[in-house]
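Taking the hints into account, I'd like the entire structure generated from these sequences.
So the chains spell out like this:
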Amino acid sequence: MTASWDQTAGLAKVEFLTRDPYARARALRQAGRKVMGYLCSYTPLEFFTALDLVPHRIMGSVREPVVKADAHLEPIACPYVRSCLDKALRGEFDFLDGVVFPHSCDNVQHLSTIWEYYLKPGFYYFLNVPHMVQASSLDFFSAELETLRRRLSAFAGRPMTDEALAAAVGLHNKSRALLRRLYDLRRQASPPVTGEEVLKIVLATMVLPVSEQIELLEEVLGEVQSRPAAEAEGRPRLMLYGCEIDSPEFVRLIEDAGADVVMDDLCTGTRAFWEEVEETPDPIQGLAVRYLEKLHCPRTYRARTGTHAEDLENRFGYMREYLETFGIRGAVLYVIRYCDTQEFDAPSVRDYLGGLGVPVLHIEDDYTLAGIEGLRTRVQAFVEMIL
Amino acid sequence: MSETAPKKTTAIKSTRAAGQVRGIVKKMYGRANQAAAEGKPIAYCMVASQYEEILKAMDIVPVWTENYAALTAAKQAAEPFITRAEAEGFSNVLCKYAMVGLGFDAVRAETGRVPEGAPDGGMARPTMLLGSSAVCDPRFKWYQALGRYMDTPIYCIDVLYPQSRQFSPDMRNYYVRYQTEQFQGLVDFLERTTGTRMDWDRLGGIMDLADETTRVWWDAYQLRKARPCPMPSQDHFSCMVPAYYLLGEPEALAFYQALYDELKDRVDRGVGIIENERLRLLWGGGLPPWHTLSIFNYFEQQGAVFTIETSYHPPEPVEPLGAGAHPLERLAHRFITRVERAQARADRGCGDARVQQILDLLEDYGNVGMMMHQARSCRATSLGQIHFKNIVQEHVKVPTMFMESDIIDVRDYSEADTRMRVDAFLDAVAAYAGGLS
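Going down the list, the sequences are from chains A and B. The working numbering puts the first residue of the first sequence at 177, with every later residue one more than the last. The working numbering puts the first residue of the second sequence at 278, with every later residue one more than the last.
These are computed hints drawn from the structure, not numbers from a lab. Careful, some of the hints might be misleading.
Below, simulated DMTMM-like cross-link-like pairs (lysine to aspartate or glutamate); rule was C-alpha separation at most 25 Å, straight line [to be verified]:
#, chain 1, residue 1, chain 2, residue 2
1, B, Lys303, B, Asp397
2, B, Lys666, A, Glu250
3, A, Lys470, A, Glu452
4, A, Lys350, A, Glu454
5, A, Lys376, A, Asp246
6, A, Lys296, B, Asp447
7, A, Lys376, A, Asp527
8, A, Lys470, A, Glu431
9, A, Lys296, B, Glu681
10, B, Lys666, A, Asp246
11, A, Lys263, A, Glu497
12, A, Lys244, B, Asp624
13, A, Lys470, B, Glu617
14, A, Lys296, B, Asp397
15, B, Lys674, A, Glu469
16, A, Lys210, A, Glu322
17, A, Lys296, B, Glu671
18, B, Lys674, B, Asp624
What the simulated footprint calls covered on chain B by chain A, stretch by stretch (three residues with Cβ under 8 Å from a Cβ of chain A suffice, anywhere in the stretch; the number is not a length) [what the hints assert, rightly or not]:
#, region
19, 349-359
20, 442-449
Since the structure is predicted, the reported quantities are computational estimates derived from the model, not experimental observations. Even glycine gets a Cβ: it sits at the ideal position worked out from N, Cα and C.
See below:
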């Protein structure tokens, strides 16, 4: 594995990790590194980096049926969560030395309990993330981060110093900046990189140590930017809104239908990297603000201070920049069934985007893409409508 | 909830206390509607958000929206609200309490009136929405979504449960501090919104009353360990109403004192739920099917009684902090202490606090079977049931039935299928009980 990894670069590495997302983590573990699994955008990856642990985002599989998880987790659970558990029970994550699960939602909360009981990870922590964003919430979250810091340090057998944490913040911010540069290219009339490619790239960064993320992204940017400029074809430019889309198939389906996916608001997209960590004297402070306050996920409650229209602006106003600077003409709202927080927000998101004149295709699906042909028909009709 | 008319059995089934609850519920909604007419502050509220006594101390009239949804289900009046919420674009997999509430307020926003067919005069129009993160995500997302229909001021608090297995004494301080600050934030909001100041002494007195109410309720349920069992689960799902919705009111304490006396009398005289109690069962998880509480009768007709429940179980009494403690800190202390004690019991047993509760209730109440309700639209209480059952089975091979239905939505429910499963389940329970004797 190491040889072939070393012989590839840029987009070839991305393809490598698309085929086998575990390959690099396994190799690093074989070389003596500890690999830490995590879920969701709320896990502070800087902690892993500061202790020289390898972060590995746990993902499901849209093409593999759930077999073993049925014996442990009800069918009304989020199908993405069930898929992750199923893969774990089948031993696919046997290279993980430990896991950190943030309290992102009811589904993840239950998954974490079952995971801990049956898979007995070498390190386990359920990070209690507040749902509210107030000064006291930030204080609590900082204290909770300190507990995780102590326990993770004990597991790693070394202290997590402020200096190491600050350095990790700098590295992750650099990786985030590179990803934003990649996204900037999509603002062009004819983007040099497809939505499918971008999703693969983002997913690849999620299974690499941050130093390798940076190396990969620099290579990818070099390749993509050297592509000859293409004529703009006038294809509709779409934004993809949802939570976990960890397979490029759905994006490919949209682009095959004649549209360009040029922006997203996904857990496996901008939510993971768009916002930086401010480099504060106490690194925990910057991390708490970034991971609690700056992330835009429906699981976090944003206090309403005015009318419904003002509330929508307060909650979804960050998308204005996406819509305006990426030239968005339509949005695909992809909600995984049983993701309660997304399901509650869906009508409001539709209201908000509709109010800005952006047509919305609202899809509620079961994550597996089992009904992909039905989806294709709906997407094609939507693309034709906004052409 | 006592709204479903029970089918007649030969048993001395219902307690007098449970029979009073329908009147209490009716009065509760009537009181809120009267308060609305008088221009008093009215809040939409979520059960078990730990803020009940605060509201009482500030004369906020609560409308318990989940309870109202359950009432519509019991009255077979929920469906029009659910279908309206679906038409508004809300997914049919969402919490059906929320769907009823969203549908109700969508109609009211459109017509300006209480929707036709709404039981008990409908939910009073709120002057504020008080969500929380206690128990599940829909409890703040629902009220947030209500913004589509009303610009009513809203405030949500965090109620963060420590994950008990990893909770350690060094974490206690920041959990208690955060909970206290969350309560303080709510008090600040209420003071701003109503223009009245919190009377802390009054709050302390209300908490004393609430603690005493909880203790009497707890003691009353200890009596259900008797053979024959003096009170069924169907009554429990009514008798929990004063503790959850009237906490801190003298009426609630009087209710549980009367319940205690009634159960004590039944136990002393050997009066049970049914004449020949054959099998004792635990309601081991999930909210009840409010639309079909009569399913309990089917069990009882076959000699099986539900003696106790994990759902809406009385909270364990906790000694209050010393006299000098701030009431809000006392509230937070009580909440966290209950989590700690549950885990301490689990540490001496199976390790998992929720499973330990099941194991304890199986043993202490002499139960030989367990039913769990997998309510399709309630992830908070349905997820984890299979896992809990699996761990229970590692300790005791008690037969378990999963009832598949919903808390509210009756559209996918089959009484015939459920009865067939009950028959098979009770056969298994009888065989298991026979093996024990």
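Against the structure, the hints:
Pair hint Lys303 (chain B) plus Asp397 (chain B) holds up; C-alpha atoms about 6 Å apart against a cutoff of 25 Å. Note on Lys666 (chain B) and Glu250 (chain A): the hinted pairing holds, with a Cα-Cα distance of about 12 Å set against a maximum of 25 Å. About 9 Å separates the Cα atoms of Lys470 (chain A) and Glu452 (chain A), which keeps this hinted pair within 25 Å; it holds. Straight-line distance between C-alpha atoms of Lys350 (chain A) and Glu454 (chain A) comes to about 12 Å, which keeps the hinted pair within the 25 Å bound.
Proximity of Lys376 (chain A) to Asp246 (chain A) is assessed by CA-CA distance (about 29 Å); at most 25 Å being required, the pair is judged violated. With a CA separation close to 24 Å, the supplied pair Lys296 (chain A) and Asp447 (chain B) stays within the 25 Å bound. Between Lys376 (chain A) and Asp527 (chain A), the direct Cα distance comes to roughly 30 Å. Violation of the 25 Å bound is thereby established for this hinted pair. Restraint check: the Cα-Cα separation between Lys470 (chain A) and Glu431 (chain A) comes to about 30 Å, which exceeds 25 Å; the hinted pair is violated.
At most 25 Å may separate the alpha-carbon atoms for a hinted pair to count; Lys296 (chain A) and Glu681 (chain B) exceed this at roughly 30 Å. Proposed proximity of Lys666 (chain B) and Asp246 (chain A) is supported: the alpha carbons are some 13 Å apart, at most 25 Å. A distance of roughly 37 Å separates the Cα atoms of Lys263 (chain A) and Glu497 (chain A); the hinted pair therefore is violated under the 25 Å criterion. Taking the CA atoms of Lys244 (chain A) and Asp624 (chain B), the gap is near 29 Å; set against the 25 Å cutoff, the hint is violated.
At roughly 32 Å between alpha-carbon atoms, Lys470 (chain A) and Glu617 (chain B) are farther apart than 25 Å, so this suggested pair is violated. For the suggested pair Lys296 (chain A) and Asp397 (chain B), the alpha carbons sit about 51 Å apart, so the restraint of at most 25 Å is broken. Among the hinted pairs, Lys674 (chain B) with Glu469 (chain A) is inconsistent with the structure: their alpha-carbon atoms are about 47 Å apart, more than 25 Å. As the CA atoms of Lys210 (chain A) and Glu322 (chain A) are separated by approximately 21 Å, the hinted pair is consistent with the 25 Å bound.
For the proposed pair Lys296 (chain A) and Glu671 (chain B), the alpha carbon gap of about 17 Å is at most 25 Å, so the pair holds. Between Lys674 (chain B) and Asp624 (chain B) the CA atoms are separated by roughly 21 Å; this keeps the pair inside 25 Å, and the hint holds. With 0 residues having a beta carbon nearer than 8 Å to a beta carbon of chain A, the region 349-359 of chain B misses the requirement of three or more and the stated coverage is violated. Look at the region 442-449 of chain B against chain A: 4 of its residues bring a Cβ nearer than 8 Å to a Cβ of that chain, three or more, so the hint holds.
Going through the hint list in order, the structure does not satisfy hints 5, 7, 8, 9, 11, 12, 13, 14, 15 and 19.
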